[in-house]
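Undergrad: Make a model of the complete structure from these sequences and hints.
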Amino acid sequence: KDVLINVSVKDVLFAIYVAPKTGKTYHNNRPSHGLVLNDDNSYKTYCFTDGTVLKTLPNDLYYLPKGSSYKVIGADSDFGGCYAINFDADFICQPFKIKPRDKVGALRDFCLAEKSYRLNQDNSLLTIKKVIYDILIRIVNDIDAKYTPNSKLEVILPAIKKLEEDFNQNDITVSSLASLSGVSE
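For the sequence shown, the residue numbers in the numbering used here are -13 to 171.
I should point out that these hints are in silico values taken from the structure, not numbers from a laboratory.
Don't take each hint at face value.
Here are the simulated DSS-like cross-link-like pairs (lysine-lysine), alpha carbons at most 25 angstroms apart as the crow flies [stated by the list, open to error]: (1) K138 <-> K115; (2) K148 <-> K89; (3) K116 <-> K147; (4) K85 <-> K10; (5) K52 <-> K(-4); (6) K52 <-> K116; (7) K147 <-> K101; (8) K116 <-> K7; (9) K138 <-> K148; (10) K41 <-> K(-4); (11) K89 <-> K147; (12) K89 <-> K41; (13) K57 <-> K85; (14) K138 <-> K116; (15) K147 <-> K(-13); (16) K83 <-> K(-4); (17) K(-4) <-> K101; (18) K138 <-> K101.
It should be emphasised that the depicted structure is a prediction, and the values quoted were computed from it without experimental measurement.
TA: Below you can see the structure in the form of structure tokens.
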């Protein structure tokens, strides 16, 4: 988590949707960092040369390190596709995965990055960098929230979304957030 907080994105190589049966099976000395979101049908296992094994399930969000070498089991099968954003930054982190609490929001982030890359407009690079930071924030928040039971998180989710959307507004109060969630202050 601490490593992700200090990431500075230098460049974006691409943001794409990798359809089923189209992904590469072998990756040798990966040239960039990768953030990946599996679709609803994707089951893939990443076997790294250092012995690390990362088993991914539908809707998992995961990180693939720059410089890593691995084999993807399931990439050449009908196990579903994934969204991928490859970028350059100075940081070192081991591969990891999370199950995003807000899978719709995570999908929206990756779709925006893919669309921006495909359209290649003047602001595409900036948009994709913003999305990368949004995804990193999502990961850090999900790591922090892993100790909050989903039943409690669902109650306060409206307040959390308000804070995320309007964090720079001065008129947000504890009473308004409590009211949004239907709880007492």
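Undergrad: Tell me, in ascending order, the numbers of any earlier hints that this structure violates.
TA: 1, 8, 10, 14, 18
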